[in-house]
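Student: Listed below are the residues making up each chain.
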Amino acid sequence: MILQHLAILQVMLPLLAAPLCVLSRSPLLAWGIAALAGLFALAGSFILFAQVLNAGVISYHIGNWAPPWGIEFRLDAANSFVLVVVSLVGAVCILYGRRSIEREIPEDDQPLFYTMLLLCFAGMLGVTSTGDAFNLFVFLEIFSLSSYVLVAMGAERDRRALTAAFTYLLLGTIGATFYVIGLGFVYALTGTLNMADMAVRITGMAGSGTLRVAFAFMIIGMGLKLAIFPMHLWLPNAYAFAPSIVTALLAGTATKVALYVLLRILFTIFSPAYPFESQTLQYLFLPLGLAGVFVASIVALFQQDVKRVLAWSSIAQSGYFLLGVSFASVGGLMASIVHLFNHAIMKSGLFLAVGCVVYRTGSCSIASFRGLGHKMPWTMAAFVIGGLSMIGIPATIGFTSKWYLILAALERGWWPVAIAIVAGSLLALFYFGRIIEAAYLQPSTDDSTITEAPLSMLAPMWMLTISCLALGIDSELTVSAARAAAEALFLDPHAGLPAHTGP
Amino acid sequence: MKHHIILRIGAKLLIPLIMLLALYVQFHGDYGPGGGFQAGVIFASAFILYGLVFGLGELRRVAPLPILMKLMAAGWLIYIGTGYLGLALGGMYLDYNILSSDPVAGQHLGIFLIELAVGITVASTMLAIYQCFNAHQSGEMTENE
Amino acid sequence: MTGIDFILAHYNYSASIILMALGFYIVISRGNLIKKIVGLNLFQVSVFMLYISMGKVSGGTAPILTGKPELFSNPLPHVLILTAIVVGVATTAIGLALIVRIKDAYGVIEEDEILVMDRAREQLDARSG
Amino acid sequence: MMFALGPETVLQLILLVPGLGAILIGATNRFPNLRDALSLLIATALCALAVWLLLDHVAGGIARLQLTPIVQGLPILFVAEPIGLVFAVLASALWIVITAYSIGYMRKNNEPHQTRFYICFAIAMASTMGIALAGNLLTLFLFYEILTLSTYPLVVHHETDAARRAGRVYLGLLLSSSILFLLPAIIWTWFLAGTLDFTRGGILAGKIEGTQAAILFALFLFGAGKAALMPLHRWLPAAMIAPTPVSAFLHAVAVVKAGVFTILKVGVYIFGVGFLASVQASEWMLWVSAFSLIAASVIALGKDDLKARLAYSTIAQLAYVTMGVCLATVMGMVGGAMQLVTHALGKITLFMCAGAIYLATGKTRISDMRGLGRVMPFTFGAFLLGALSIIGIPPLGGAWSKWFLMMGASDAGHLAALGIWMLSSLLSLAYLIPLVARGFFLPLQEEEDRPQAQGREISVIRLARLREAPLWCVVPACITALLSVLVYFAGPAIAGFILPALGP
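Residue numbers (my numbering), protein chains in the order written: chain U, 1 to 503; chain Y, 1001 to 1145; chain X, 2001 to 2129; chain S, 3001 to 3504.
Take these hints with a grain of salt, some might be off.
[Said to hold, decoys possible] A few chain U residues that face chain Y, going by a derived Cβ cut-off under 10 Å, partial list only:
id, residue
1, Leu3
2, His5
3, Ala7
4, Met12
5, Leu15
6, Val22
7, Leu23
8, Phe46
9, Leu53
10, Gly56
11, Tyr60
12, Trp69
13, Ile71
14, Thr115
15, Val384
Source of the hints: derived by calculation from the structure; they are not laboratory data.
Glycine included, C-beta positions come from ideal geometry on N, C-alpha and C.
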């Protein structure tokens, strides 16, 4: 029975676990509940992904109302892959979180913190799973609202977390509202909220001005959530001042989910065949992506705080996503999705490593990294591997991403873009070089007894680090999954409305 | 405001009526206009009025924050649980038809449970928000989460 | 259809757009955090209005089944917006809660003053780090 | 497994031995003697394996090992082919020598972090083997990057500010050039040819032409930043900050050799000699490398610091290989491969001698080394042999590489190249020989100051005054110097071994 209903249980189990955390008094119990829910989601996402690859699209009708009238959870190769990404990062972050949260959150608030964490997690899973555009908005807001709270929880360490959360709230809400406006126009045109149905009904309306306006609103809305270059202002502070674990979770999943929604809008609801979209891709996304890569990377060079360096690097990586999308080809889309997965793994791993440093030193400025290479060898080794991956050294997953991005650029014949991609990854060399050099080659300023982080933090972090290497050496798994996802999005958006269903 | 006798009498007269209205809106929700959201807010407003007139201390005596937190979670659990009930009975998630032998009765039951869950959560949440903000303003509480 | 007629025929759109622009302007231009939240609410409400006015069918009644054939307005946008309103309330609540905490931490709720304090802090960090 | 040595097993072992060796060395951190013995043992085992593979190939065996794909359709692939085998045997043999030398040098000098030093050495060696035996460009690139990263800790060994700065230049230039030029070149090739396997006769024929081919070729040449083609040579002098064994390792065994080896492989197996000649992609790169050759020689003349002079000499000598490839003739390629071997032997000798001089006297400047030949005759003798080999005077190995290169130039009808090489030979004579001459024929610096030494006949070598460096340092230098002589006699055999690989 569980297997038949996995599509919904995947989301609803974390959502059930969240109120249980409210009721549980002890932080340890709350953590246990959260960890169980996370692990369940992880296992479930893998099973679902396998099911989708074997048997095709899964469509789950909530309340037994058939789509397009009822809300449908619709899993194809694309979103079941994103589901794996989200639940993997989420589960690892929750497992890792106990000690880190003990240090950074007051004890009374910890069960509520886990509640918010689970809500955020469930929201992201919901956004990824649902096939209904408005339901998507609802889940998006569940995840966004809880992430505002989570970011603000960093105020224990630094009061700037509050203003960061406030800015995030303003821009996030504006983004979500933009999405709703766009959705309203599409609804007015088509009378449906089911994304697959919408896509079918839109065909032939490409000339409609309303449709274009709707497209613009939805794209800008998601652009804000994804922190596309000129709309990234909320991100650096939110990442820098949030509790470590929240930063790792958000960096690994939040922008990925937003990217997924963007892909849905671009390739499922709309299609690059529409002139306004292909123009948007080429004349808006391409330059913005490039600008994002360079501007954010250069800003990252001058940051004094490691979390901020990584945050700006995340904005730069959003630029890469955008580049992949802007190629409007299966190759580009695949590169984008490969990068989505890879970046989630490596960036979360990096932020978790920073979390270990914060746990021991209480700070994450580059100065506090001095000499840590000798004092926290395992943490810093994970950090170095993550950094190498971000630079794109072969045998790490970052290399695979770059490879496919450049290949996609060459397929389109866009030489300068290919050059820009490698040049951008070089900048990563310099901003990571600074941190790693400080960690290994500079003597630590104080002789306090800083030791290695506890095993309960190291083990989950190293799970990500090892997958960072293993999937870099053998990329068959991720790449074929991403190819299936890209093809599902690009080639076959309208196929098979009534898919095989549950009972 | 202890000395404002008119306010106190007025409030005492009004509060039961407000609550009654809330209940009406709540239980009428599956037939006509109304439902858990509206009813929850109305219900909470009765308490808020009580708090305004008789003071925060009184309000916290009749609706303590820890209880409100538990109620919030409880409403939430009822909602999710109704969904799982559908699963347990062999239907889809949130499948109301399956809840009773007659699908129409099942729909009634299902929506009733859902609205009840929403009502409880909304009422307790509104009250909790009010209490937190109010407590903060009068400096009676430093931590408001 | 001339321009004026077009605008008049779609006055609900115009109203929404004006409200939206107002709200957005307030969010951007006001330094006071509470006013920003007010602007945000205005912005959201404009969208709610847009949806509800779209669902209205002229002459239609509330969709309550009475057994007689009647002209109904589309109930779905109302249901959607009910959800959106709840989301809006939640956003406002979190926003206000944040403002309360910001007032505690900084003593002010004016954006520019907070920025000045943050900058000073950053410079201090840079000097010590 | 050890008893049924198949080619594939040996290929696996050749990669595993230094890798596992690194772990073992790390595990024996507390026991320096055991650790050093282990290092030597691993080096010897590796050399034996490489020789086994070479003999197997001579006997007609084809060793091939395919692992998981890094990207779709591109597995990690190892294939034993002549040029790679020569490089592998050379590098592993020199690793033994250099390990022995490091043991002497590091102990005498009381260097810190010795375990880290040996671990990084072993990892670098593993990646060198990976480069030598790579069966496709991507595998080569993978190990090329690992080599860069694993030698970085060696370069910054002293962890001083100066070392940090040098390390930045080293890592920055090598990684930048490989990511900025080599990676796009590889992806471009993959895009054009649909394969990256090293194939006899090249894979690009007919896929690209004209200016584009020239650009691709240039990307490869500059991308292999380890080949230190000007203007990407700055990392080599910068890396001189490292302990001398590291410098020797960088110059002779692994890093720069990996660079020119990459260029050779690209020339032979990606473009193919015939195709390279027919599209004339390499003409202007020939001039770039010629400039690099002359300019580096001239700079070397002006350097007083011995290691810096040797560094610029390396840049010049590497340009020989690049020029040989750019000539796009079979003989030019053979010359390039020979130059790889003979320069390795010659330069490692020179560096070990420089280290020995530093250990014995603490001197680094050439002008201070007057008369030292009289107290360190073996060191200076070895230095002389190495220098002569690099200049290209028979009966030393270097003569063969110059010979084949010049044949290549005349095959291509490229007289200008001949002229440049003659000029550069003169220049190398001018920057290498004076040191030896001063060492042997001028009075010792300290003796000049003593009045009683003046006017007296000083015999060239007086045994009583010998002040050689430790045996661990001198003997390896002498061995490699003798090997340089030996290679002269093995020259035709090596050329004959490589030649079949170059045909279409």
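Student: Next, verify each hint and record whether it holds.
Tutor: Here is how each hint holds up against the structure:
Against a cut-off of 10 Å between C-beta atoms, the interface hint on leucine 3/U is violated, since the closest Cβ of chain Y lies about 12 Å away. Given the 10 Å rule on beta carbons, the hint for histidine 5/U holds: about 6 Å separates it from the nearest Cβ of chain Y. Among the interface hints, the one on alanine 7/U holds; its C-beta lies about 9 Å from the nearest C-beta in chain Y, closer than the 10 Å criterion. Restraint check, methionine 12/U versus chain Y: the minimum CB separation of about 6 Å is within 10 Å; hint holds.
Interface hint at leucine 15/U: satisfied, since its Cβ lies 6 Å from the closest Cβ of chain Y, which is below the 10 Å cut-off. The beta carbon of valine 22/U comes within 4 Å of a beta carbon in chain Y, closer than 10 Å, and the hint placing it at the interface holds. Proximity of leucine 23/U to chain Y holds as hinted, the smallest CB-CB distance being about 5 Å (cut-off 10 Å). For phenylalanine 46/U, the interface hint is violated, the least distance from its beta-carbon to any beta-carbon of chain Y being 21 Å, above 10 Å.
With its C-beta approaching chain Y no nearer than about 23 Å, leucine 53/U sits outside the 10 Å limit, and its interface hint is violated. The beta carbon of glycine 56/U is not positioned within 10 Å of any beta carbon in chain Y (closest approach about 19 Å), and the interface hint is therefore violated. Interface hint status for tyrosine 60/U: upheld, as the beta-carbon distance to the closest one in chain Y is roughly 7 Å, under 10 Å. For tryptophan 69/U, the interface hint is violated, since its Cβ never comes within 10 Å of a Cβ in chain Y; the closest pair sits about 14 Å apart.
Interface hint at isoleucine 71/U: satisfied, since its Cβ lies 9 Å from the closest Cβ of chain Y, which is below the 10 Å cut-off. Interface hint status for threonine 115/U: upheld, as the beta-carbon distance to the closest one in chain Y is roughly 8 Å, under 10 Å. Restraint check, valine 384/U versus chain Y: the minimum CB separation of about 38 Å is more than 10 Å; hint violated.
Violated hints, in rising order: 1, 8, 9, 10, 12 and 15; the structure is consistent with all others.
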